[in-house]
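Between the sequences and the hints, there should be enough to build the whole structure, so can you do that?
Number of protein chains: 2
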Amino acid sequence: MDEAGYEKIARLFVDFYFKTFDENRVALGTLYRDDSMLTFEDKKVGGTAAIIDKLQNLPFQQVVHRMATLDSQPAHLGEGSILVLVTGELQVDGQEKPLSFTQSFQLKPEGDSFYVFNDIFRIVYPAS
Amino acid sequence: MDEAGYEKIARLFVDFYFKTFDENRVALGTLYRDDSMLTFEDKKVGGTAAIIDKLQNLPFQQVVHRMATLDSQPAHLGEGSILVLVTGELQVDGQEKPLSFTQSFQLKPEGDSFYVFNDIFRIVYPAS
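Protein chains in written order, with full-length UniProt numbering: chain A, 1 to 128; chain S, 1 to 128.
Derived by calculation from the structure, the hints in this document are not laboratory data. Treat the hints loosely; a few may be bogus.
All copies of an identical chain are treated as equivalent in the list; a pair is satisfied when it fits inside any one copy or across any two copies.
As the list claims (entries may be wrong) - Straight-line Cα separation of at most 25 Å, DMTMM-like style, residue types lysine to aspartate or glutamate; simulated pairs:
| # | residue 1 | residue 2 |
| --- | --- | --- |
| 1 | LYS44 | GLU89 |
| 2 | LYS44 | ASP22 |
| 3 | LYS44 | ASP34 |
| 4 | LYS54 | ASP112 |
| 5 | LYS43 | GLU89 |
| 6 | LYS19 | ASP35 |
Since the structure is predicted, the reported quantities are computational estimates derived from the model, not experimental observations.
This is how it looks when you write it as structure tokens:
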């Protein structure tokens with residue numbers, strides 16, 4: 001596989017993120033910090049506590065993410081941040097019809113690891 | 001309108017970007033620099049010349065973007081970069097059915113203005 005270092009980090013991150021989201025949402029708290037931002041549909045919150053509160057109180061409990069595309073780019077070459085764009089499907093609470101979604105992350109380096117500095121999530125409704 | 005400074009910049013940028021894309025695609029060159037990156041579907045290119053070449057040689061000539069959602073966050077508080085996520089519809093070459101798309105930009109400050117450092121574009125196919 002011809003995969004750059006940042007592409008591998010992006011892939012490992014999103015695999016972990018969606019698995020954790022679907023299986024144990026509260027554990028996503030380890031991925032955010034107090035300067036992190038989350039835009040989830042029309043709602044914008046900042047800081048680990050508010051972000052986890054938002055993610056815990058979404059109007060669905062059971063959810064399965066299926067990723068369709070994953071793209072990444074170095075976001076700040078010197079500093080080592082990574083921009084990630086995901087598209088995929090979201091199957092919610094046993095609803096028959098999945099929803100399309102898109103989610104953009106900026107991962108910021110912290111020691112030997114990364115955390116989520118920016119996170120923007122949107123449902124994508126079918127084109128009319 | 002309760003709009004932060006970075007939100008206003010994001011809105012002005014995307015309005016200009018999509019208008020220019022639809023009316024005079026080659027003029028998008030002013031928005032990129034030699035360290036800019038573009039991922040357009042499966043293809044990744046870098047630098048103004050390669051990016052404009054890619055955008056000029058897409059498999060459609062006439063295109064109309066209709067934005068559905070626009071979200072932005074400060075990407076690096078100290079430095080003033082802005083992360084932008086757009087979703088919308090793309091009407092191509094008079095095709096009857098529009099396509100859904102998502103596009104994530106990172107805008108980097110340059111003097112009194114901004115340029116596109118990161119740009120990732122994906123068509124979003126309807127959930128199965």
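Checking an output row: LYS19 and ASP35, CA cutoff 25 Å. Within, between, both or neither?
within (24 Å within a copy, 34 Å between copies)
As a check of your reading, is LYS54 near ASP112 (CA-CA no more than 25 Å) within one copy, between copies, both or neither?
neither (28 Å within a copy, 36 Å between copies)
With identical chains treated as interchangeable, where does the CA-CA distance between LYS43 and GLU89 reach 25 Å or less: within a copy, between copies, both, or neither?
Close inside one copy (20 Å) and across copies (22 Å); limit 25 Å.
If the cut is 25 Å between Cα atoms, do LYS44 and ASP34 qualify within a copy, between copies, both or neither?
within (14 Å within a copy, 33 Å between copies)
Which holds for LYS44 with GLU89 at a C-alpha limit of 25 Å: within a copy, between copies, both or neither?
both (22 Å within a copy, 24 Å between copies)
Within, between, both or neither, where LYS44 and ASP22 count as close if Cα-Cα is 25 Å or less
Classified as within: same-chain Cα gap 21 Å, cross-chain 30 Å, threshold 25 Å.
Against the hints set out earlier in the document, a violation occurs for number 4 only.
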